[in-house]
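Chain residues, written in single-letter form:
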Amino acid sequence: MTEAAVISDRRLEREAAKRRRELRGLAIAAGSTIIVIGGLLALVVTSPGWDTVKETFFSWTEFKDSFPDVLRGFWLDVKIFVVVEVVVLILGLVIALARISRGPALFPLRLLGAFYVDLFRGIPTFLLVYMIGFGVPALALSGVPTDPIVLGGIALGLSSTAYVAEVYRSGIRSIHRGQRDAARAVGLTDAQAMRHVILPQAVRRVAPPLLNDFVGLQKEVALVSILGPQEAVRIAQIHQGANFNYTPLVAAALLYLAVTVPLARVVDRMTEDED
Amino acid sequence: MTAATGTPVIELRGVSKAFGERQVLRGVDLTVDEHRAIAVIGASGSGKSTLLRCIDLLEEIDDGDVFIDGEVITDPAVAPVGVRRKLGVVFQAFNLFPHLTALENVVLGEMRAHGIGRAEAEERGRALLARFGLAGREDDRPDNLSGGQQQRVAIARAFSGRPRALLLDEVTSALDPELVGEVLAAVRDLKAEGMTMVIATHEMSFAREVADEVAFLHEGRILESGPPEKVLEAPEKQETRRFLSRLLEAGRL
Numbered sequence: 001m002t003e004a005a006v007i008s009d010r011r012l013e014r015e016a017a018k019r020r021r022e023l024r025g026l027a028i029a030a031g032s033t034i035i036v037i038g039g040l041l042a043l044v045v046t047s048p049g050w051d052t053v054k055e056t057f058f059s060w061t062e063f064k065d066s067f068p069d070v071l072r073g074f075w076l077d078v079k080i081f082v083v084v085e086v087v088v089l090i091l092g093l094v095i096a097l098a099r100i101s102r103g104p105a106l107f108p109l110r111l112l113g114a115f116y117v118d119l120f121r122g123i124p125t126f127l128l129v130y131m132i133g134f135g136v137p138a139l140a141l142s143g144v145p146t147d148p149i150v151l152g153g154i155a156l157g158l159s160s161t162a163y164v165a166e167v168y169r170s171g172i173r174s175i176h177r178g179q180r181d182a183a184r185a186v187g188l189t190d191a192q193a194m195r196h197v198i199l200p201q202a203v204r205r206v207a208p209p210l211l212n213d214f215v216g217l218q219k220e221v222a223l224v225s226i227l228g229p230q231e232a233v234r235i236a237q238i239h240q241g242a243n244f245n246y247t248p249l250v251a252a253a254l255l256y257l258a259v260t261v262p263l264a265r266v267v268d269r270m271t272e273d274e275d
Numbered sequence: 276m277t278a279a280t281g282t283p284v285i286e287l288r289g290v291s292k293a294f295g296e297r298q299v300l301r302g303v304d305l306t307v308d309e310h311r312a313i314a315v316i317g318a319s320g321s322g323k324s325t326l327l328r329c330i331d332l333l334e335e336i337d338d339g340d341v342f343i344d345g346e347v348i349t350d351p352a353v354a355p356v357g358v359r360r361k362l363g364v365v366f367q368a369f370n371l372f373p374h375l376t377a378l379e380n381v382v383l384g385e386m387r388a389h390g391i392g393r394a395e396a397e398e399r400g401r402a403l404l405a406r407f408g409l410a411g412r413e414d415d416r417p418d419n420l421s422g423g424q425q426q427r428v429a430i431a432r433a434f435s436g437r438p439r440a441l442l443l444d445e446v447t448s449a450l451d452p453e454l455v456g457e458v459l460a461a462v463r464d465l466k467a468e469g470m471t472m473v474i475a476t477h478e479m480s481f482a483r484e485v486a487d488e489v490a491f492l493h494e495g496r497i498l499e500s501g502p503p504e505k506v507l508e509a510p511e512k513q514e515t516r517r518f519l520s521r522l523l524e525a526g527r528l
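Chain order of the listed sequences is A and B.
Residue 264 in our numbering sits at position 264 of the first sequence; the count goes up by one each step and never skips.
Residue 476 in our numbering sits at position 201 of the second sequence; the count goes up by one each step and never skips.
Just chain A, same shape as in the assembly (with noise of 0.2 angstroms):
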């Protein structure tokens, strides 16, 4: 066929405008980003105290010697977070369940679920380190984990099972009741209809939205650094305070960048395979 030989002089005319439509929209876009963050960093390097900042805070030479040190403490971070994570995926889902039940006699478990998600998303994660840091250890009883990375792993565990837990019911609810009705119709039991039927679906939905309280937790494992351990902000407090330079605390806010930017843009490409 000749079909692709041909193409008319209106056709050229429209894909000609279109190209340069697209070329001003390229060369706006490339001003007004340069205008905008040039503008920005003109400011800030234009202060009056840029010489001071750029001493304390971005000083090549105390990066090169904290990066080793802050870098191992990290590791003790992504440790923590990896463990921490996968307690918190578990224990979200059980109070999620458990929130759901049907039943008088499931009644209290319903209600210490809801205690559950009020009490822990209701503190400041901050502050729940500090009481269960500190608290649990003055107890002094015989058997109770005394430490300080153990105990900071509990109260982050403890406070992002709350939203975890939240983000599975929504995503339960949200399953269409004709999903359940169908799984009864074919004979399944309550239980297995939640098994087998509503829960697969219900995880899948909300896999952008946990994937985004992993971030959240991610971050969060900085707290422990309150209790003492050497993870990353600890380690780039020492140092911190033995040169009077903030370097070291940049070097560890870069570490947390690299890992929660590559992990946002996973949530991002999931959000947009959902549409």
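Treat the hints with care, as some may be off.
Said to hold, decoys possible - Just a few of them, taken from the derived set where beta-carbon distance is under 8 angstroms, the chain B residues facing chain A:
1) ASP331
2) PHE366
3) HIS374
4) HIS389
5) ARG432
Keep in mind the hints are simulated off the structure, nothing from the lab.
As the structure is a prediction and not an experimental result, all values here were calculated from the model.
Note that the Cβ used here is the ideal one computed from N, Cα and C, for glycine as well.
Based on the hints, put chain B in the right spot on chain A.
Frame of chain A, contents of chain B only:
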């Protein structure tokens, strides 16, 4: 295990159901003998879906009783799960499980509710899908199937548990007109095999063809029932005539 001769497969006696203030069923009596298909017709909102849902215990009735093979199922002592395993339901909106393939949709109930092993369940599931014209689509998810194909998977799913009776709730109402025929063909096929069925439907020509009996549900009561040629062509009640003439105007008869 077959029921004694003369015992209906499904029997409703004085079934009433309200949703809050809205009285949907007001004392429905209905008897479905083995191998018979009953078409329940009536305007939207007349309670057809609710009637079917009450039989499958997806809704709890307020008054009256439902019997399956002569045994009461609407008793607090009866476990609904056991009752549902004896019945199959096909929903208006298909309600396939979107995270499962066509084959997995069909075998889920067999494996989990009826305890049949995977190999056997899958073999039967494939045969069932093939029977309803879906050979080669076993591994497709519902998303990749047309409405007519989805509803045929749903019919295979409802049939897979070897039910005593099938409850079909407006199974063609959500379909594009050109897809209605293939789904009705599947139902015809089940009828030919002697499946006992309660069919809520708007398709009068289909009701006439497949049903042994037509029951007209109006404001929560069965106003009139009998052979299709009688109820659809020479109805006794004013309300039935009015309903049928409205369908005629809409070109659905």
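Against the structure, the hints come out as follows:
1. ASP331: holds (6 angstroms)
2. PHE366: holds (6 angstroms)
3. HIS374: Check passed: Cβ of HIS374/B comes within 5 angstroms of chain A, closer than 8 angstroms.
4. HIS389: holds (7 angstroms)
5. ARG432: holds (6 angstroms)
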